[in-house]
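Peer 1: One letter stands for each residue in the lines below.
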Amino acid sequence: MRILVTVKFTPDLQSHRSFTDGSVTRTADDGSMNELDENAVEAALQLVEAAGEGEVYALTVGGPDAVAAVRKALQLGANHAIHVSDEEIAGADVFGTAKVLAAAIRKVHEEQPLDLVITGMAALDGLTSMLPTALAADLGWSQLTLASELTVADGEATIVRHMPDAHETVAAPLPAVVSVTDEANSPRYPNFKLIMAARKAPVTQWSLADIGVDGVTVGAIAARTEVRDASPRPEKADRQVVTDTGDGGVTLANFLIEKGLA
Amino acid sequence: MSGNTVAVLVEHRDGVVAQPTLENLTLARSLGEPVAVWLGEPPSDEASATLGAYGAGAVRVVELGAAGRLPKVRAAAVGAATPDAPVVLMTSTFLNKEVATLLALETGAGVVVDASGAELADGRVETEQTVFAATWNIRTRVVSERAIVALRPNTTQATEVDGAGAATVETVVFEAPEVPERLVAVSAVEREEGVPLAEARVVVSGGRGTNGDYALVRDLADVLGGAVGATRDATDEGWISHEHMVGQTGTTVTPALYVACGISGAVHHRGGMQASGTIVAVNIDPDAPIFEIADLGIVGDLNDVLPQAIATLQEHKGA
Ligand SMILES: Cc1cc2nc3c(=O)[nH]c(=O)nc-3n(C[C@H](O)[C@H](O)[C@H](O)COP(=O)(O)OP(=O)(O)OC[C@H]3O[C@@H](n4cnc5c(N)ncnc54)[C@H](O)[C@@H]3O)c2cc1C
Ligand SMILES: Nc1ncnc2c1ncn2[C@@H]1O[C@H](COP(=O)(O)O)[C@@H](O)[C@H]1O
Chain A
1 MRILVTVKFT
11 PDLQSHRSFT
21 DGSVTRTADD
31 GSMNELDENA
41 VEAALQLVEA
51 AGEGEVYALT
61 VGGPDAVAAV
71 RKALQLGANH
81 AIHVSDEEIA
91 GADVFGTAKV
101 LAAAIRKVHE
111 EQPLDLVITG
121 MAALDGLTSM
131 LPTALAADLG
141 WSQLTLASEL
151 TVADGEATIV
161 RHMPDAHETV
171 AAPLPAVVSV
181 TDEANSPRYP
191 NFKLIMAARK
201 APVTQWSLAD
211 IGVDGVTVGA
221 IAARTEVRDA
231 SPRPEKADRQ
241 VVTDTGDGGV
251 TLANFLIEKG
261 LA
Chain B
1 MSGNTVAVLV
11 EHRDGVVAQP
21 TLENLTLARS
31 LGEPVAVWLG
41 EPPSDEASAT
51 LGAYGAGAVR
61 VVELGAAGRL
71 PKVRAAAVGA
81 ATPDAPVVLM
91 TSTFLNKEVA
101 TLLALETGAG
111 VVVDASGAEL
121 ADGRVETEQT
131 VFAATWNIRT
141 RVVSERAIVA
151 LRPNTTQATE
161 VDGAGAATVE
171 TVVFEAPEVP
181 ERLVAVSAVE
191 REEGVPLAEA
201 RVVVSGGRGT
211 NGDYALVRDL
221 ADVLGGAVGA
231 TRDATDEGWI
241 SHEHMVGQTG
251 TTVTPALYVA
261 CGISGAVHHR
271 GGMQASGTIV
281 AVNIDPDAPI
291 FEIADLGIVG
301 DLNDVLPQAI
311 ATLQEHKGA
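Listed in order, the protein sequences are those of chains A and B. Per the working numbering, the very first residue in the first sequence carries number 1; after that it's consecutive. Per the working numbering, the very first residue in the second sequence carries number 1; after that it's consecutive.
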């Protein structure tokens, strides 16, 4: 079983995130691997462990700091790490990012075929959940998204997908792109041995030229959307916190009535 | 671009048009000429009348069976119904984000999801969004000629058009594409009465502080005419089903009123509700982070505060 996991470098959720020139500001000290990609790494490790053989690749596309994302995947147990970085990728939209990831995935796949690509359900910085779909389409592989359960057998992957109105079971032939939700599993903690090994493990660095992608087809020039303006939302005025001294419920009710909400 | 066709993908349940679609039709009127796209069994006369009342000149029907649940088939159907539409609007749901992505790959459109508004500026669509757990507002310009925008519910006030007639029903010829994915089973989730969480004007949520008893939360939701939400801790405990989870990995809600009961306000939870109009929190811990974003915070035990609030609200309603 050969599985590639896509992992994204995202700003720490607890830190103060911001925009600079229309892009999310990213710095190494307050960012790491997108939390939801831990579920993707875990899903891959479990499948390889269950199969008793196989390898897990971690792939990220991003600036120099993004290497932290694949290092984290190595700490969790991934066997190989690839970091695609190139100044021409700056400003890419989801379609450009998908194109870069797909080209890198094809390069790995051509060396020795992959069975699956597993992604997280969303990157917690933008939360678009669009990339897995765009990636599957670019590769021309089966698309199995938002998996709460994932099983692989007889050349097919089967997922359970929780939609608001129904739980669906969907199957498709390999190779497939699968995105997993945070319900799919409980990510493991890295152990000390892996943390030490990950520090020294090699990370394959590729530029756009290495994967045969022309920068003008993926970067800011190719993007179909551009952020025009970004501003912090103003703090709410007149916030009040009152301690219940016996009439807290009445205070709550009257507040809603005065606001016309009840 | 005005005067152009603006297609609105209709969300319907049991044949009834969902409120966010009426909001999107209202918004579509400011962008061009709205047409509705209806997937599934053809609409009833009542449904076409509703769509017409909110501005749709026509409703284009693509008859789709269960295969319409597959994103690729659904996207192909929307594509078949909208070849002439430079702008396509839909409700921001997980499924529609996939549909938008696939459709954009076909048409070259630029996509914005989770938008809270859209307008035309210099012949292009520009959108408003709140990001980073609703701490930032951003404005995005779709630079491509075509735009697909997925909008959050409750972000536009739906209004009818005076004297509008029913939308004319047109059938779209469509042959579903062969796709590698296949639906093996579909088990319906039992739907609770009332408005679905994502669309509700009022959401009352309970967290670990409820200790598993949702009776008070439900009663408060009832008297306010709202839907019931929960935190992941509560759904993980099995106190309430997963469909109720609000947050970054659950349902994102933007109601006019959000009431958080016994919820600490973890960043994952806030990401799914912070853009709500008015936020009220009841929590026994004065240092709970939820108070940082509440318009009104009551430091107290929900078992004391909620019954009193419910009684007062019932009295007000009866008066
Ligand atoms: C990758 C990831 C994704 C996640 N996604 C989500 C998500 O989408 N949505 C989500 O909700 N969570 C999500 N979580 C979990 C989240 O981090 C928090 O753990 C969760 O939101 C906490 O739930 P809670 O507020 O119910 O519980 P707690 O944090 O335990 O808070 C309970 C609160 O109740 C108060 N309380 C206790 N008793 C009473 C009483 N009698 N009266 C009044 N107040 C009382 C306490 O003071 C406390 O503040 C995610 C976590 C991860 C790692
Ligand atoms: N730049 C990137 N590098 C690697 N993986 C990515 C990148 N962007 C998105 N992904 C993957 O796609 C998933 C969904 O992201 P998104 O569609 O941006 O919400 C993430 O959980 C990642 O697994």
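Treat the hints with care, since some could be wrong.
Facing chain B, according to a computed beta carbon distance under 10 Å, are these residues of chain A, among others [said to hold, decoys possible]:
(1) Asn79
(2) Asp125
(3) Ser129
(4) Thr133
(5) Glu149
(6) Pro164
(7) Asp165
(8) Asn185
(9) Tyr189
(10) Pro190
(11) Phe192
(12) Leu194
(13) Ile195
(14) Thr243
(15) Val250
Hints in this document: simulated from the structure, not taken from any laboratory. Note that beta-carbon positions come from the ideal geometry of N, C-alpha and C, so glycine has one too.
Peer 1: The structure should be examined with respect to each hint, and the outcome stated for every one.
Peer 2: Hints versus structure:
A hinted interface residue such as asparagine 79/A counts as satisfied when its beta carbon comes closer than 10 Å to some beta carbon of chain B; here the least separation is about 28 Å, so the hint is violated. Interface hint status for aspartate 125/A: upheld, as the beta-carbon distance to the closest one in chain B is roughly 7 Å, under 10 Å. Because the closest C-beta pair between serine 129/A and chain B is about 5 Å apart, less than 10 Å, the hint holds. Here the hint on threonine 133/A is kept, as its CB sits about 4 Å from the closest CB of chain B, short of 10 Å.
The closest approach between the C-beta of glutamate 149/A and any C-beta of chain B is roughly 12 Å, which is over the 10 Å cut-off, so the hint fails. A least Cβ separation of about 6 Å between proline 164/A and chain B falls short of the 10 Å threshold, and the interface hint therefore holds. Against a cut-off of 10 Å between C-beta atoms, the interface hint on aspartate 165/A holds, since the closest Cβ of chain B lies about 6 Å away. Using the Cβ-Cβ criterion of 10 Å, the hint placing asparagine 185/A at the interface with chain B is not satisfied: the shortest such distance is roughly 13 Å.
With a cut of 10 Å, the hint placing tyrosine 189/A at the interface with chain B is violated, because the nearest CB-to-CB distance is about 18 Å. Interface hint at proline 190/A: violated, since its Cβ lies 21 Å from the closest Cβ of chain B, which is beyond the 10 Å cut-off. Taken as an interface hint, phenylalanine 192/A does not check out: its beta carbon lies about 28 Å from the nearest beta carbon of chain B, beyond 10 Å. Annotation: leucine 194/A was flagged as interfacial toward chain B, and the flag is violated, the nearest CB pair being 26 Å apart, outside 10 Å.
Interface restraint check for isoleucine 195/A: the shortest CB-CB distance to chain B comes to about 25 Å, outside 10 Å, so the restraint is violated. With 10 Å as the threshold, the beta carbon of threonine 243/A comes within range of chain B, its nearest partner Cβ sitting at about 4 Å, so the hint holds. Contact between valine 250/A and chain B, as hinted, is supported at the beta carbon level, the nearest pair being about 5 Å apart and thus within 10 Å.
When the structure is compared with the earlier hints, violations turn up for hints 1, 5, 8, 9, 10, 11, 12, 13 and for no others.
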